[in-house]
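Use these hints to put chain B onto chain A, whose structure you have.
Here the protein sequences line up with chains A and B, keeping their order.
When we follow this note's numbering, the leftmost residue of the first sequence carries the number 5, and every step to the right adds one.
When we follow this note's numbering, the leftmost residue of the second sequence carries the number 11, and every step to the right adds one.
Don't read these hints as lab results, they were simulated from the structure.
Incorrect hints may appear among the rest.
As the list claims (entries may be wrong) - Pairwise CB distance ranges, derived in the manner of DEER restraints:
no., chain 1, residue 1, chain 2, residue 2, range
1, A, Gln175, B, Pro124, 41 to 47 angstroms
2, B, Thr89, A, Ala76, 55 to 61 angstroms
3, A, Ala142, B, Thr224, 53 to 59 angstroms
4, B, Pro124, A, His21, 22 to 28 angstroms
5, A, Asp279, B, Arg49, 55 to 61 angstroms
6, B, Pro45, A, Leu114, 44 to 50 angstroms
7, B, Leu62, A, Ala71, 54 to 60 angstroms
Unchecked claim - Covered, in the sense of this in silico footprint (three residues per stretch, anywhere, with C-beta under 8 angstroms from a C-beta of chain B), are these stretches of chain A:
no., region
8, 73 to 85
9, 96 to 106
To be verified - Which chain A residues stay away from chain B? Per the calculated CB distances, all over 10 angstroms, these:
no., residue
10, Thr20
11, Thr109
12, His113
13, Ala156
14, Thr177
15, Pro226
16, Arg233
17, Asn247
18, Thr352
19, Ala370
20, Met376
Computed from a prediction, not measured in an experiment: that's the story for all the values here.
The beta carbon of each residue, even a glycine, is placed where N, CA and C say it ideally should be.
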Amino acid sequence: MTAAEPASLEVRLRQTHPIPLDATFTCRAGQLLALVGPSGSGKTTILRAIAGLVEVADGRIACNGQAWLDRAAGVHLAPQARRVGLVFQDYALFPHMTAAENVATPLRHLPPDERTRRARELLDLVNLKGLEERRPEALSGGQRQRVALARALAREPAVLLLDEPFSAVDQMTRERLKRELVALRARLRIPIVLVTHDLNEAVALADRMVVLYRGETLQEGPPEDIRQRPLSPIVARLVGQTNVFHGTVVRSSAPGRHGLIAWRGHQVEVVSTGDFAESSNVSWLVPSDHIVLHRRDRPSLGERENPVSGTIVEMAGMGEQTSMLVAVAGQTSEHDRSTLNFRVPTHTARRNQLAPGVVVTLSLLAAGIHLMPPEAAAGGP
Amino acid sequence: MDWSAFQISLKLAAWTSLLLLPVGILAGRALAWTPFRGRTAVEAAIMLPLVLPPTVLGYYLLVGLGPQSLVGSGLERATGRGLVFTFEGILVASMIFNIPFAIQPMQRAFEAIPANLREAAWVSGLSSFETFVRVELPLAWPGLVSATALVFAHTLGEFGVILMVGGNIPGETQTLAIAVYDRVQAFENSAAAAMAAVLLAFSFFAIFVVHLTTGRRRRHDRG
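So here's chain A without its partners, still in its complex pose:
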């Protein structure tokens, strides 16, 4: 982000107690930023801190240049003074009010008839026309989520905060709600912060992603960048990369020349070794979509690229895709994993008669291989 574009929401939080936090990120108007991390990583705490519902020892939260929290300057605005729209994980609808009354609650500054009109408009916006007089108990999970969203928007928020908004609904409703959010997003010119533990959700919805681990922001950037180029093995695992291994740089890459790393007796060709010098230890990953299965009957194109052979140890059908785990042949190392995880179309698995125990040859595509600093001996998720 360049300095010329002022961020709409700036967040910097630091504390050691009761939950350690060391988080910094920004989110511009119109952007959807996803906070992802395992449970206990502090993502919900950060969201609540933005809304003013939890105290944080040190930090600054500013929206459009106005400080909502500035510990150094002694500023700490109450939630009522912050103009945030917050969709709670369980929606937190007022059970004694109808859908329309729930949505009208943040509109108490308006005259009654205008309040009602606006509440109806908002319910219409989230496709709940006709359900205005229903109480939350008479609404489905997806409908409740929409009422919660309409109530959050009724505040005319400067920032929209979504805490795991899709976790309490079934799969079909979830997909529909996601599509609606994408459509709604285009109409809202405000920063949107989404908390989720579901990486696919972040990749599908967010422009930017902040990876949190134990309260710390480990990496910020476009979801696909982080997925392909994580800064560390921890981030790699947090964003769902399972094929993370140790290796040693044998030859640095140079313009027009691929680098080489040694791994379990193989020489793995990589497009770039980055800043890593020859003979330095590295962690490296190959995304599962950069692993190519060779046909067993005849060699196929690309088989010369980092061929490794191994034995299928596990297969799990997941509908159209079959996930498999292949134990790679070669030298063993006590610190290193030796299995590659990837997916093939189920019909491919069937045609090639793949089954546990079958020996297969794979190519690890050099373009996808990414090098990271070696993992510390302790820690990691």
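This is chain B only, laid out in the frame that chain A set:
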């Protein structure tokens, strides 16, 4: 039927319920949501009137409110009326005796309100007071009804502590429950029977109301 005793009983029950209502709401809410040191001790102290013999409570009230006490003598100097053997005295005694019934149901009712509903109200721009009026009270309503009905019924049924603090003065401190005792002592069984029936009906109605409101809340929770 002793109408003056009936009137005193109703007056005492009404005032006790009314005066304990804000106490129950504020204390119940604080106990439900505000963590503080010594909370368990406070909760135990609140429950004390339930297990203490009424005579023991009455004795301490006599000592604490009597003409020799700081409170009693001060009040007598200020108003010309003491607390012992007066309606005001039995009202104070009745309020203290009913504290568990006023606070407990309210505390349970406030505890049943999810914390994030209040947060949702704040984030919606409602002040703490607006949140209390628009969100907390409507949701704590069954507890409020239940506490009031219990206090009312329990006050009608008070005996020992009233006798200790108020004595048995017709038209001043003689409640229906004491009048029943009085008539039985005087072998006027038919008068006692009528009053006993009235007390029975009132008590049943009060408990019925309590069950009705808490029963509705249970159904609501399931929905």
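Structure-based check of each hint:
no. : hint                                      : result
1   : Gln175(A) - Pro124(B): 41 to 47 angstroms : 26 angstroms, violated
2   : Thr89(B) - Ala76(A): 55 to 61 angstroms   : 57 angstroms, holds
3   : Ala142(A) - Thr224(B): 53 to 59 angstroms : 22 angstroms, violated
4   : Pro124(B) - His21(A): 22 to 28 angstroms  : 26 angstroms, holds
5   : Asp279(A) - Arg49(B): 55 to 61 angstroms  : 57 angstroms, holds
6   : Pro45(B) - Leu114(A): 44 to 50 angstroms  : 37 angstroms, violated
7   : Leu62(B) - Ala71(A): 54 to 60 angstroms   : 55 angstroms, holds
8   : 73 to 85                                  : holds (count 3)
9   : 96 to 106                                 : holds (count 5)
10  : Thr20                                     : 22 angstroms, holds
11  : Thr109                                    : 5 angstroms, violated
12  : His113                                    : 8 angstroms, violated
13  : Ala156                                    : 8 angstroms, violated
14  : Thr177                                    : 20 angstroms, holds
15  : Pro226                                    : 29 angstroms, holds
16  : Arg233                                    : 37 angstroms, holds
17  : Asn247                                    : 40 angstroms, holds
18  : Thr352                                    : 48 angstroms, holds
19  : Ala370                                    : 50 angstroms, holds
20  : Met376                                    : 39 angstroms, holds
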